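Student: Now for the letters of each chain:
Number of protein chains: 2
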Amino acid sequence: MRLSQFHLRTVKETPADAEVVSHQLMLRAGMIRKLAAGLYTWSPLGLRVLRKVEGIVREEMNRAGAIELLMPSIQPRELWEETGRWEKFGGQLLKIRDRKEAEYCYGPTHEEVITDFARNELSSYKQLPVNFYQIQTKFRDEIRPRFGVMRAREFLMKDAYSFHVDEASLADEYRNMYDTYGRIFTRLGLKFRAVSADSGAIGGSVSHEFQVLAESGEDAIAFSDGSDYTANIELAEAFPPGPRQEAAEALRKVETPTQKTCEDVAALMGIALDRTVKSVAVMGDDGFVLVLVRGDHVVNEVKLRKLAGLADYRLATEAEITTHLGADPGFLGPLQPRADITVIADRSVAAMHDFVVGANENGYHVAGVNWGRDLPEADIVADVRNVVAGDPSPDGKGTLGIARGIEVGHVFQLGRKYAEAMQCTVLDMAGKAVVPLMGCYGIGVSRIVAAAIEQNNDANGILWPEAMAPWQVAVCVINPKNDANVAAAAETLHRELNAAGIDTVLDDRGLRPGQMFADIELIGVPHRVVVSERGLAAGTFEYRARTAADAEQLDREALFARLRT
Amino acid sequence: MRLSQFHLRTVKETPADAEVVSHQLMLRAGMIRKLAAGLYTWSPLGLRVLRKVEGIVREEMNRAGAIELLMPSIQPRELWEETGRWEKFGGQLLKIRDRKEAEYCYGPTHEEVITDFARNELSSYKQLPVNFYQIQTKFRDEIRPRFGVMRAREFLMKDAYSFHVDEASLADEYRNMYDTYGRIFTRLGLKFRAVSADSGAIGGSVSHEFQVLAESGEDAIAFSDGSDYTANIELAEAFPPGPRQEAAEALRKVETPTQKTCEDVAALMGIALDRTVKSVAVMGDDGFVLVLVRGDHVVNEVKLRKLAGLADYRLATEAEITTHLGADPGFLGPLQPRADITVIADRSVAAMHDFVVGANENGYHVAGVNWGRDLPEADIVADVRNVVAGDPSPDGKGTLGIARGIEVGHVFQLGRKYAEAMQCTVLDMAGKAVVPLMGCYGIGVSRIVAAAIEQNNDANGILWPEAMAPWQVAVCVINPKNDANVAAAAETLHRELNAAGIDTVLDDRGLRPGQMFADIELIGVPHRVVVSERGLAAGTFEYRARTAADAEQLDREALFARLRT
Numbered sequence: 001m002r003l004s005q006f007h008l009r010t011v012k013e014t015p016a017d018a019e020v021v022s023h024q025l026m027l028r029a030g031m032i033r034k035l036a037a038g039l040y041t042w043s044p045l046g047l048r049v050l051r052k053v054e055g056i057v058r059e060e061m062n063r064a065g066a067i068e069l070l071m072p073s074i075q076p077r078e079l080w081e082e083t084g085r086w087e088k089f090g091g092q093l094l095k096i097r098d099r100k101e102a103e104y105c106y107g108p109t110h111e112e113v114i115t116d117f118a119r120n121e122l123s124s125y126k127q128l129p130v131n132f133y134q135i136q137t138k139f140r141d142e143i144r145p146r147f148g149v150m151r152a153r154e155f156l157m158k159d160a161y162s163f164h165v166d167e168a169s170l171a172d173e174y175r176n177m178y179d180t181y182g183r184i185f186t187r188l189g190l191k192f193r194a195v196s197a198d199s200g201a202i203g204g205s206v207s208h209e210f211q212v213l214a215e216s217g218e219d220a221i222a223f224s225d226g227s228d229y230t231a232n233i234e235l236a237e238a239f240p241p242g243p244r245q246e247a248a249e250a251l252r253k254v255e256t257p258t259q260k261t262c263e264d265v266a267a268l269m270g271i272a273l274d275r276t277v278k279s280v281a282v283m284g285d286d287g288f289v290l291v292l293v294r295g296d297h298v299v300n301e302v303k304l305r306k307l308a309g310l311a312d313y314r315l316a317t318e319a320e321i322t323t324h325l326g327a328d329p330g331f332l333g334p335l336q337p338r339a340d341i342t343v344i345a346d347r348s349v350a351a352m353h354d355f356v357v358g359a360n361e362n363g364y365h366v367a368g369v370n371w372g373r374d375l376p377e378a379d380i381v382a383d384v385r386n387v388v389a390g391d392p393s394p395d396g397k398g399t400l401g402i403a404r405g406i407e408v409g410h411v412f413q414l415g416r417k418y419a420e421a422m423q424c425t426v427l428d429m430a431g432k433a434v435v436p437l438m439g440c441y442g443i444g445v446s447r448i449v450a451a452a453i454e455q456n457n458d459a460n461g462i463l464w465p466e467a468m469a470p471w472q473v474a475v476c477v478i479n480p481k482n483d484a485n486v487a488a489a490a491e492t493l494h495r496e497l498n499a500a501g502i503d504t505v506l507d508d509r510g511l512r513p514g515q516m517f518a519d520i521e522l523i524g525v526p527h528r529v530v531v532s533e534r535g536l537a538a539g540t541f542e543y544r545a546r547t548a549a550d551a552e553q554l555d556r557e558a559l560f561a562r563l564r565t
Numbered sequence: 001m002r003l004s005q006f007h008l009r010t011v012k013e014t015p016a017d018a019e020v021v022s023h024q025l026m027l028r029a030g031m032i033r034k035l036a037a038g039l040y041t042w043s044p045l046g047l048r049v050l051r052k053v054e055g056i057v058r059e060e061m062n063r064a065g066a067i068e069l070l071m072p073s074i075q076p077r078e079l080w081e082e083t084g085r086w087e088k089f090g091g092q093l094l095k096i097r098d099r100k101e102a103e104y105c106y107g108p109t110h111e112e113v114i115t116d117f118a119r120n121e122l123s124s125y126k127q128l129p130v131n132f133y134q135i136q137t138k139f140r141d142e143i144r145p146r147f148g149v150m151r152a153r154e155f156l157m158k159d160a161y162s163f164h165v166d167e168a169s170l171a172d173e174y175r176n177m178y179d180t181y182g183r184i185f186t187r188l189g190l191k192f193r194a195v196s197a198d199s200g201a202i203g204g205s206v207s208h209e210f211q212v213l214a215e216s217g218e219d220a221i222a223f224s225d226g227s228d229y230t231a232n233i234e235l236a237e238a239f240p241p242g243p244r245q246e247a248a249e250a251l252r253k254v255e256t257p258t259q260k261t262c263e264d265v266a267a268l269m270g271i272a273l274d275r276t277v278k279s280v281a282v283m284g285d286d287g288f289v290l291v292l293v294r295g296d297h298v299v300n301e302v303k304l305r306k307l308a309g310l311a312d313y314r315l316a317t318e319a320e321i322t323t324h325l326g327a328d329p330g331f332l333g334p335l336q337p338r339a340d341i342t343v344i345a346d347r348s349v350a351a352m353h354d355f356v357v358g359a360n361e362n363g364y365h366v367a368g369v370n371w372g373r374d375l376p377e378a379d380i381v382a383d384v385r386n387v388v389a390g391d392p393s394p395d396g397k398g399t400l401g402i403a404r405g406i407e408v409g410h411v412f413q414l415g416r417k418y419a420e421a422m423q424c425t426v427l428d429m430a431g432k433a434v435v436p437l438m439g440c441y442g443i444g445v446s447r448i449v450a451a452a453i454e455q456n457n458d459a460n461g462i463l464w465p466e467a468m469a470p471w472q473v474a475v476c477v478i479n480p481k482n483d484a485n486v487a488a489a490a491e492t493l494h495r496e497l498n499a500a501g502i503d504t505v506l507d508d509r510g511l512r513p514g515q516m517f518a519d520i521e522l523i524g525v526p527h528r529v530v531v532s533e534r535g536l537a538a539g540t541f542e543y544r545a546r547t548a549a550d551a552e553q554l555d556r557e558a559l560f561a562r563l564r565t
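Protein sequence lines correspond, in order, to chains C and U.
Per UniProt numbering, the first sequence starts with residue 1, numbered consecutively.
Per UniProt numbering, the second sequence starts with residue 1, numbered consecutively.
Among the hints, erroneous ones may be present.
Note that the list lumps identical chains together, so a pair holds whenever it fits in one copy or between two copies.
Using 25 Å as the maximum straight-line C-alpha spacing, the simulated DMTMM-like pairs for lysine to aspartate or glutamate come out as follows [said to hold, decoys possible]: (1) LYS126 <-> GLU491; (2) LYS397 <-> GLU237; (3) LYS100 <-> GLU81; (4) LYS88 <-> GLU101; (5) LYS432 <-> ASP555; (6) LYS100 <-> GLU87; (7) LYS12 <-> GLU121; (8) LYS397 <-> GLU87; (9) LYS417 <-> ASP166; (10) LYS34 <-> GLU82; (11) LYS481 <-> ASP550; (12) LYS34 <-> GLU81; (13) LYS126 <-> ASP483; (14) LYS88 <-> GLU103; (15) LYS191 <-> GLU521; (16) LYS95 <-> GLU142; (17) LYS126 <-> GLU521; (18) LYS34 <-> GLU68; (19) LYS95 <-> GLU78; (20) LYS417 <-> ASP328; (21) LYS95 <-> GLU81; (22) LYS306 <-> GLU101; (23) LYS306 <-> ASP296; (24) LYS481 <-> GLU466; (25) LYS34 <-> GLU103.
Bear in mind the hints are in silico, worked out from the structure with no lab data behind them.
Just so it is clear, the structure is predicted and the values come from calculations on it, not from any experiment.
Hey, can you work out the whole structure from these sequences and the hints?
Tutor: This is the structure:
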């Protein structure tokens with residue numbers, strides 16, 4: 001490929017509306033262009049990278065024995081009614097009416113369609129196990145699309161669905177996919193972790209996320225320094241606290257005129273933050289709920305939603321708080337219990353003694369609070385907080401640290417949820433109709449591109465892992481118009497590198513060297529070779545790896561040897 | 001690929017709801033499965049074929065210098081308002097509201113999006129000419145989706161858009177794409193014609209369709225036996241008739257009690273059909289219009305819509321006909337002219353004398369009618385009929401024949417229509433902002449698969465052209481479970497053929513030969529090799545081309561030589 005025949009359009013300025021570095025660099029490199037909220041055109045440069053990711057995903061899925069097919073993006077409402085997800089999936093489901101007023105959605109995922117396919121195509125255990133996959137455009141109507149293709153509404157996904165007659169077969173394929181995902185992200189050159197995860201709206205029992213590690217990641221990952229325990233913080237169980245100690249202090253009211261946070265109260269009182277208790281007011285199916293976590297902890301929404309009546313909880317309004325507790329947020333607490341309030345204490349709060357809570361009176365907290373003595377035991381005691389760095393690992397081995405990651409893959413054991421709802425059966429060896437077990441396995445193909453940049457960039461631009469780079473090598477030619485020999489030598493080198501299977505671009509645009517090098521660094525080509533009059537005279541090319549501080553002069557043989565490794 | 005590890009599901013019975021042979025065979029071969037009206041899942045087998053077509057299209061587009069990108073399928077209403085097509089495109093445009101009530105459509109084509117891309121990305125004549133293309137899923141909300149993927153609602157399309165500073169550059173690229181399309185359809189192994197065409201809703205001046213020839217084709221193509229004139233019948237101009245002859249007959253009323261068609265009237269009267277005139281009543285912008293064509297001709301809707309006030313014409317209702325003419329359809333005619341009726345005569349009708357028309361009185365026609373004498377000249381005389389076989393070629397060379405075709409490609413010179421409407425400009429050499437010219441070039445990738453089957457099938461199934469076949473060769477193994485040597489020899493042959501670059505599938509399902517051969521013929525694999533105990537003993541393989549009547553016994557060397565050609 002010659003850049004003069006390509007469409008490359010880079011920008012020097014960092015776009016004002018791009019918050020994260022991957023979005024900034026994709027815009028500056030001209031990889032994507034925004035069409036509307038959460039909708040992006042992939043430019044020729046961006047598409048080259050996207051296709052390289054897609055190609056590796058496809059190769060490894062095929063190698064793993066999965067079979068590619070292609071389902072429609074538009075799906076009829078009727079199928080989603082069968083699983084109950086037409087209502088339950090929520091606002092991300094883009095609903096559509098056609099000219100005949102029939103209802104459809106733009107598929108955000110394809111469990112319903114593949115299960116419909118399976119119930120028609122699969123009839124016997126002999127056809128199982130089977131794993132169908134597709135690489136296809138999906139749509140999720142994100143309420144706040146952001147970070148470019150990281151959280152776009154329209155995106156490219158690889159989704160796979162497997163069918164099994166028994167648990168052992170599902171477990172085998174789950175392991176196969178888990179290993180395949182590891183190979184995919186390894187080949188892509190990304191630092192990643194497979195973490196135990198919550199299965200969320202897709203459902204099922206066992207699930208793992210594949211997270212690309214990056215400081216800017218939206219997900220927090222808890223990992224142990226003493227074992228291979230790794231889990232999304234949504235799921236990571238807090239190690240149970242030790243037994244509660246005896247009350248030592250008397251109950252007393254403390255004046256806290258402007259202290260509305262645990263941090264401020266602890267500072268005012270000169271005590272440790274972990275002696276205070278935070279009260280979070282929410283509304284569940286059965287009314288007003290006060291959730292208590294330690295001052296140094298935060299509520300884990302996913303864990304909370306798993307409790308009875310809280311699947312669809314929301315934060316209480318100020319009016320609801322005043323009605324139930326008679327005080328403003330910032331001064332709330334579990335004292336003066338009422339029948340219409342449910343108190344949920346995190347396990348660590350239930351184990352506290354002599355603690356501090358809001359007094360349910362503006363401007364006051366209460367200290368020396370003790371369960372049993374000053375207020376009844378909480379209605380519910382459960383693990384409802386995020387783990388924090390320094391917690392003991394849930395498996396009892398070592399201490400937890402927290403890393404940040406970007407979810408790029410997710411594997412699920414779905415069990416019979418979808419097949420059962422949609423009456424998908426196959427005949428088993430005994431000729432009896434049985435409901436197959438399913439697994440499902442997703443990779444966010446377009447998101448990987450952004451995640452890779454979050455993980456690999458410097459002040460000058462992108463640092464593509466070799467396998468994802470738009471080209472592996474850029475041959476830059478200095479003053480091609482002035483010197484036909486230089487231009488010809490660059491052409492020859494470009495041709496020979498491509499013939500050797502090294503994906504090479506020739507920068508024959510005739511730009512000044514500074515401008516040319518800035519572009520090549522910005523778009524992240526891993527290897528740069530400069531062809532100049534002086535170099536030709538000396539029989540050398542100037543070679544520089546994108547990550548290296550300095551350039552080297554290499555003769556043709558040494559150059560090829562370097563680029564082939 | 002081993003069939004035992006693949007998902008192949010063929011059906012013996014012809015599906016009742018499939019009208020055309022390609023739809024029937026795609027269902028029987030299990031290439032597609034219907035999800036909902038006009039929505040199909042491509043099974044693993046179907047997708048193999050689709051990807052082969054896609055691959056050839058991509059290779060040739062790249063070879064022609066076009067640059068691939070990828071635009072979103074969902075497009076904002078605002079862009080379509082800029083070109084006026086939000087309203088004008090009609091019911092095929094699938095309109096969507098997102099959760100914020102913003103309006104979008106599922107792109108049926110991408111002129112608006114690429115022009116928006118261009119006005120942001122292109123600023124100088126130095127960046128032109130450029131041709132961007134994508135291979136992407138489109139949606140057209142067909143009022144009557146049918147014939148499987150031939151007229152599906154969701155389909156795969158290659159669409160390309162070029163930008164130019166002058167007409168000469170546009171003409172060059174148009175020619176380049178015209179030639180590229182020829183190479184694509186030739187490589188695909190299809191019999192096709194490039195025909196002059198109407199540019200329809202896309203607009204522009206020059207356009208050609210690429211039609212795959214097949215008797216079942218929806219399009220009629222007129223071609224000359226004396227020149228290379230070829231045009232879609234929608235566009236083909238009728239050769240002007242000779243001068244009108246003098247009146248010879250007296251006007252007379254003829255009783256035609258039950259004769260409502262020209263054919264019946266001509267039969268009753270014992271005259272040639274081309275002495276009668278058909279009156280078609282339509283409603284245009286300015287009211288009631290009577291369109292006259294010769295009894296042996298049919299009205300050409302596309303030509304009619306090009307006349308002033310008729311772009312959106314519809315057939316008149318019976319009530320409207322009665323109000324204006326006082327008779328039922330079947331007895332209509334242009335006599336007793338009224339000011340609120342416009343009479344449009346096809347050129348051949350305007351040249352007639354002593355002709356027969358309806359009397360505007362139920363049960364009667366009028367014969368011996370002559371222009372000028374019995375009724376005023378028509379308000380409008382124009383070419384509004386389809387050409388028919390036997391007409392002189394419009395270029396004056398030879399006689400027209402009519403072939404049937406399936407449109408699989410269409411190239412357009414759009415001119416400045418979209419760029420102007422969307423204020424897309426570039427600076428020319430003089431530094432002046434100019435509106436670029438555009439071309440656009442489409443190929444119906446998924447439709448090609450169906451069209452190829454319409455053209456290439458027999459009683460046993462599909463006859464794939466080599467380049468589109470799911471596999472080039474099927475190695476069928478007889479009783480693999482009974483004879484380990486046979487199974488091993490088949491495995492080896494399968495591996496060696498694939499290693500030689502010949503895409504080969506091993507049918508190791510262990511089916512009875514009849515069942516296995518029927519499947520392989522149905523799915524249209526061009527070459528079949530049978531590995532059997534007897535063959536191995538004789539040192540031969542049984543080879544049969546899909547199109548050959550008989551099988552041959554070939555040794556390994558002869559087999560490879562045959563398959564390599």
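Student: Now, for every hint given, state plainly whether the structure supports it.
Tutor: Outcome of the hint check:
Within a single copy, LYS126 and GLU491 get their C-alpha atoms only as close as 56 Å, which misses the 25 Å cut-off; across copies the closest is 21 Å, which meets it. When the C-alpha separation of LYS397 and GLU237 is checked against a cutoff of 25 Å, the pair qualifies only within one copy, where the shortest distance is 13 Å, while the shortest distance between copies is 85 Å. Proximity of LYS100 and GLU81 under a CA criterion of 25 Å is satisfied in both settings, with 19 Å inside one chain copy and 23 Å between copies. For the homomeric pair LYS88 and GLU101, the shortest alpha-carbon distances inside one copy (22 Å) and between copies (20 Å) are both at most 25 Å.
In this assembly of identical chains, the alpha carbons of LYS432 and ASP555 never lie at most 25 Å apart, being 71 Å within a copy and 47 Å across copies at closest. For the homomeric pair LYS100 and GLU87, the shortest alpha-carbon distances inside one copy (21 Å) and between copies (17 Å) are both at most 25 Å. For a Cα distance limit of 25 Å, the shortest separation of LYS12 from GLU121 across copies, 14 Å, qualifies, whereas the shortest one inside one copy, 54 Å, does not. Taking the closest pair of Cα atoms, LYS397 and GLU87 never come within 25 Å of each other, the shortest separation being 43 Å inside a single copy and 66 Å across copies.
Taking the shortest Cα distances, LYS417 and ASP166 sit within 25 Å of each other inside one copy (14 Å), while across copies they are farther apart (61 Å). Proximity of LYS34 and GLU82 under a CA criterion of 25 Å is satisfied inter-copy only: 18 Å between copies versus 36 Å inside one chain copy. For the identical chains of this complex, LYS481 and ASP550 are neighbours neither inside a copy (27 Å) nor across copies (63 Å), given an alpha-carbon limit of 25 Å. Taking the shortest alpha-carbon separations for LYS34 and GLU81, only the inter-copy value of 18 Å comes in at or below 25 Å, while the best intra-copy value is 34 Å.
In the homo-oligomer, the alpha carbons of LYS126 and ASP483 lie at most 25 Å apart only across protomers (22 Å), although the nearest pairing inside one protomer, at 68 Å, exceeds that limit. For the identical chains of this complex, LYS88 and GLU103 are neighbours both inside a copy (16 Å) and across copies (23 Å), given an alpha-carbon limit of 25 Å. In this assembly of identical chains, LYS191 and GLU521 lie within 25 Å of each other by CA distance solely inside one copy; the values are 21 Å within and 48 Å between copies. Taking CA atoms no more than 25 Å apart as the test, LYS95 paired with GLU142 passes in both settings, with 13 Å inside one copy and 19 Å between copies.
Taking the shortest alpha-carbon separations for LYS126 and GLU521, only the inter-copy value of 23 Å comes in at or below 25 Å, while the best intra-copy value is 54 Å. In this assembly of identical chains, LYS34 and GLU68 lie within 25 Å of each other by CA distance solely across copies; the values are 17 Å between and 30 Å within a copy. Taking the closest pair of Cα atoms, LYS95 and GLU78 come within 25 Å of each other both inside a single copy (12 Å) and across two copies (20 Å). In this homomeric assembly, LYS417 and ASP328 never come within 25 Å of each other (Cα to Cα): the closest approach is 44 Å inside a single copy and 62 Å across copies.
For a Cα distance limit of 25 Å, the shortest separation of LYS95 from GLU81 qualifies both inside one copy, at 13 Å, and across copies, at 22 Å. Within a single copy, LYS306 and GLU101 get their C-alpha atoms no closer than 37 Å, and across copies no closer than 32 Å, so neither meets the 25 Å cut-off. When the C-alpha separation of LYS306 and ASP296 is checked against a cutoff of 25 Å, the pair qualifies only within one copy, where the shortest distance is 22 Å, while the shortest distance between copies is 76 Å. Proximity of LYS481 to GLU466 under the C-alpha cut-off of 25 Å is found in neither arrangement, the shortest distances being 31 Å within a copy and 46 Å between copies.
When the C-alpha separation of LYS34 and GLU103 is checked against a cutoff of 25 Å, the pair qualifies only between copies, where the shortest distance is 17 Å, while the shortest distance within a copy is 28 Å.
Going through the hint list in order, the structure does not satisfy hints 5, 8, 11, 20, 22, 24.
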